[in-house]
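Engineer: Since each chain comes alone in its own frame, lean on the hints to assemble the complex.
These protein sequence lines are chains A and B, in that order. Residues in the first sequence are numbered consecutively from 1, following my numbering. Residues in the second sequence are numbered consecutively from 1001, following my numbering.
Certain hints may be false.
Stated by the list, open to error - Here are the simulated BS3-like cross-link-like pairs (lysine-lysine), alpha carbons at most 25 Å apart as the crow flies:
1. B/1438 <-> B/1366
2. A/112 <-> B/1483
3. B/1362 <-> A/112
These are computed hints drawn from the structure, not numbers from a lab. The model shown is predicted, which means the values in this text are computed figures rather than measured ones.
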Amino acid sequence: MHHLLVFNIIDQIRTLGWPGFWSLLRNGIVSGSLLALIALGYTMVYGILQLLNFAHGDIYMVGAFIGYGVLQAFGGAEMASFPIVPLIIIMFAVAMVGSGVLGVAIERVAYKPLRNAPRIAPLISALGVLFFLESSVQLLTNSAHVLYEGVYLGGNYPSTFGPLLNSVFTVDGIPFTTVDTLVVLAAVALMVMLVWLVYRTRFGKAMRAVAFDREAAAMMGIDVDRVISMTFFIGSVLAGAAGVMYGLYIGDTSFTLGFQYGLLAFTAAVVGGIGSIPGAMLGGLLVGLFQNFATGYVGGQWSDIVVFGILIGFLIIRPNGILGSKAIQKV
Amino acid sequence: MSDTPDTPGVPEPPPEPPAETESGPKVGVDSWVASHEGRTQRGPLGWLAHGWESTPDWIKLLAFVAIAASLPYWLLRSEGDLFNFGLYTLLFVGFGLGLNVVVGYAGLLDLGYVAFLGIGSYTYALLSSPYYGIHWPAEAVIPIAMLAATIPAAILGFSARRLLGDYLAIVTLFFAEAFVVFTNVANPVLFGKGLTGGANGIPQVDPLTFFGYKISSTKQEYFFLIGAVAVVAGALYLANQSRTGRAWRASREDPLAAEVMSMPVNRLKILAFIFSSAVAGLFGAIFAAILTAAVSTQFGIPFLITIYAVIILGGLGSIAGVFVGAILINCTFVFLEPQTDHPGFKRWLFYGAIIVLVALLKPWYKAVVVFVGTIATGFVAHAVVQAWGGSAWTGGKTINGASWLSHWVIIPKTSHGNFDNILYIGLVVAMVVVMMLKGWWRIIALGPTLYLTAVVWENVLSENPGVTALILFGAMLVGLMIKRPQGLLGQARVEIV
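The following block holds chain B by itself, in its conformation from the complex (with noise of 0.2 Å):
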């Protein structure tokens, strides 16, 4: 209980009982009880979820490996698709299972993970590449990578010792932003060359060799890497289950009572932090050869960020959430990008996630209410901005076919000042009214809101998509803490009171 200054002594008051939000913990249960009503859960979602929980771990890894392993031969056809949705996606499961174990297994607020896959990325660019004239093998290069990043992120960890959580993520935070700035501005000389390149990084990196066996193209690339993930999965989930992994969980639960029961608590923080950034080393060398570069630019925090994204979205201390975390925000990701071999398929992601939120409203007439209201409000609008400034108001196209879409939101022919930015911010202000109302209010409120939804999206976020992916994350962590704190496949957290 070191979150409120109570005095010993004085009982707690006793606890209300949880007002209509759920995210309260609930105060007296244990896990098991905690996730109970995710267990009896009934219907097609709840056999889903048995068969998941019944399913022992080794064969959903396997499968994976199965099913990641057959990709290339039938959905990832060409060679752009197999290195944005599936290296890509593996590339964040090995960002996600790192970061996992400090955030997810050990509950320390780690900012600073983009550094050590910096730091892992830098070792093997200096190492293997003609920037220093060193070509040294992977074998021995990414070892190097891996004990480079877990040197700093012991000495972190060291400091963690005395730290409570929230200074150990500024600190941590201050230490990612050094390593940028490090990299980026100040870049030391050393042997008549800046260290780490400056701002164009370290180009031409040597690709994966082991043993003389060089790993080159996008696909012995692609199965490399589903061999390094599922190892490095299966090593982590080891360390979970072990005495290790239960004193993290128990450290990360209640630290005082870990440390009264004699475990090292702040030994365990510095192994949780070796470990995440041994694997950090491991990846981030592997995305430096996969690259061909070591840019500084690109560990900063937005790529943090993403990551965080990744293994809140799947569920802290989950493995397989990462994985799912990372399918998940990758393909949405690569779907989101300005140029896609798939140029349609980012509204129909939009629209049918939209879809699928408002279907899974209880009970099923408020999720009736709102589709209608949307419609209709469309339509209305539609008519009444049609009858009043004609079609210099609703003459616009939108982008990518879909030219039915233009009968029913409100696409400008050319642009008008700032209608775009006015657009954005009654967006905004009308999601904050929304998540104030209350019972049918906002039910009725929420039919118009996602009308305007569709239409900041035609007129203005479809056309910026990599500011919309972040507005996105930023967006979803929000809404995730606020709805399901545990993540999809996380387990729900309780406090023991």
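Chain A on its own, in the form it takes in the complex (with noise of 0.2 Å):
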């Protein structure tokens, strides 16, 4: 380092000009709704049971390698006969499905036995899914990283899927690819849809109403159980979605991608206020910009610490994130 970082930064800044602040806008954007729908999955937990679902990077991580499988079942990517559109609302719905049921299990497994145990207890039994999982992707993968072959971007595959995800069209001269507005659209469409689920039907006032005060809920008459599964079922399902979205857009996954996302989801849902959804969204689109400027100007290397200084640095100042409510204590 032969200047100091603040001329580097603006260097960098200088070198890469409007072309290069606005693909960084694009990624930022992109990558952003990822974390923002997993984000969704910490807070709704977060907001229910106070727990800290350390798991759940690990379910987004379950739900690209489903994906994945579906893809390699109808014969990978290069198959040229299966109609493609089917095939990745496929892969959504299988990924979708299958990750919800793992957060069900998950939480009857290892949550449920601890409601009323001390604070740290599900914590640790948290820490305890995260290594199960992770560890046993390891297993089944043999540690590989897998390709979402010809999805790849950039990819120089012969496939039909390919050409399709990574055509790429302009706007004022800014090159988008289907992909990224693929899972732009996809996941604002299911943000859309978790509004309104929680804030417009019966089910989502139970939620809304357990979170607030669980044993005035159940006196309510309120199934507490079946809320917090469901609760668990929508967060993973979401988790999914965003695993099959990463995998089309990266174009690869490895068992290590639930902790590396976990951890920056977690810090979208506390920047954005634990506990609301509305936060949540906001906090993972500023996350992921933070993380693809912090990239593009400061360099790869130091972006994951830019992050998470931002995050201890908004704890400290204001603990309850952006749109969180004020914890208060009472005696």
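Structural biologist: This is how it looks when you write it as structure tokens:
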């Protein structure tokens, strides 16, 4: 490092110019949408159980692998005979349902027996689940990186899959690919559905009631266990969808994915104000943007440190996040 | 009562009687009552527990030192055994002792602990190696390493002032991640060299040298570590018995009440961080000297979880528990290693553990049903598969002898596509199902599940020992939290409402 970091950054900004800025912004929005989807799972579970579900990132990773498995079951990306659009839909559907079931199973096995235990017990149990899932996938895949062949960005694979997803169109000179658009649109659609579910349906009302006061909700005749199971299911479904999107967008996945993205998504949930659904979406977008701009202007090796630094600073200055409500301690 | 948002003035609903799960707190009793059941235990286990409780703590420590010091002369004769079993166990005791202060005594979930170990390790490596050509003696470097670890810990503890439990966990976890990224990837240049040596770390670290006396052979290191561990354990024992120790426990159980009793809760938290990181700095430095290197990837999350497993298995807040946990976890880990001097032993360990767990079922006839079910399932499944697929599916050999097992466990001769993966996923699903079943259904389902466990062990797990250890750790943490959250020697916690 011959210059001060600040000069380096200014240099970077000059060299990259406007096109660089726009492409960083685009990448930030795409990965921000993914992070927002994962962060929603964290925030919903936290809102309802005050539990930090460390294993949530790994559900996302398992979702990516389920999508890959479906792709392989249909003969891989090179297979020309099966229409692509239904194939992508099937990948999403199977991965979402699979992740959802996994999330519910985790809740039943690892968290439900600990509902009245001291605070630290479910946290440690969650760490155990994280380890179990990550190592299990490592075992099942022999630690390999798997590729969604042909979908790989800029990939040269002769497939029917790649050209469709990677076809480029430009808006004002900024190149967009189909997969960028697909990821952002799907994420927005899922979030709209979630908001509708939580704020406009009977079930959503029950969920908000349980998050507000579990005991009172139980006395009002709400089946608390079912609501909690459903919350895990919905959060995990979103994570599974995000996993497939990640596979389509980045192209490869490995067993370490869950931990990396889990941390970033948790940052997003905290920055947005944990427990708040709009907060998680906003936080995801912010963290995605921060991460990409840090990668572009400061350097890839520093991006994680920048994001974590922001989080720590944020927690110290405003512990409740942007949209979080102030926690009041009552005696 | 910071957990549940309840309105003041409205009386709490009467607590429901605890259902079958025993893990829930016994509402309205104190800690003496909580441990009452354990104290009135009868039979050999009860005598053991009683004898353990009535022995003074300093005698336990002396007994440990005496036994540990004699080990190189009868049990751990070879250099490799002494290094893997002896040294590593003692290192884990040291690591666990430090973590126990912040997690066990003060009840703060510190996930950044490995970073403090790393800081101690790197400090020693930088100040006592040819990397920068500095060769300071250990009596000077170790205090510096401890100090270097306490400064970021104090800053983290300071941020912990405003953070409630879970936020603290995530901030410290980020700190640990940032440490690995900083040392491994960022590696800033200082005096013409990368400060932390990047992915290679810092090699050729000097052995510990106190006042000119060099500790370099495995046996010398072993005896030095026994001393270090005993001194630190004694000091932490005294700290825990002191006013500060009581204050830590009070602020762990109910920070709000402690604060109302005019305890400086925030300062206590910072103090716990400082104590814990000083111990981490000490043992991190020793770690670097013993490994003769400081490598950042060592201080990752798997290492953190291993240390957590040590203190949780032994019992949070219990010093004797740290010793027991370290011995159990490290020895299991060594037996699971790919290259070990005792290749056949891990199979005995695995089946032995299963048999012990089943034998603990009460009443005894349930255990018999499970055993009979497991063995019968095995012979039936083996016969069916042989009749249907022939020896292609059953003719495989078990590794390291025990050929009789292949008459009972299905081991295919050649690999059959995704057979291994399907088996493994099947086992996980079966275990989830067993946990959801109740009463006799669970007992009946347990037999086939255990047989499936044996099949998976022989086919999949024993061939991937490194990953298997992590899987077993994960499962153990979940299982322990559900069945016995206080660990082996920890004190049961109760909430007084």
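Engineer: Run every hint past the structure and note whether it holds.
Structural biologist: Structure-based check of all given hints:
Using a Cα cut-off of 25 Å, the hinted pair residue 1438 of chain B and residue 1366 of chain B holds, with the two alpha carbons roughly 13 Å apart. Taking the CA atoms of residue 112 of chain A and residue 1483 of chain B, the gap is near 13 Å; set against the 25 Å cutoff, the hint holds. For the given pair, residue 1362 of chain B sits about 23 Å from residue 112 of chain A by alpha-carbon distance, which is consistent with the 25 Å threshold.
Going through the hint list in order, the structure satisfies each hint without exception.
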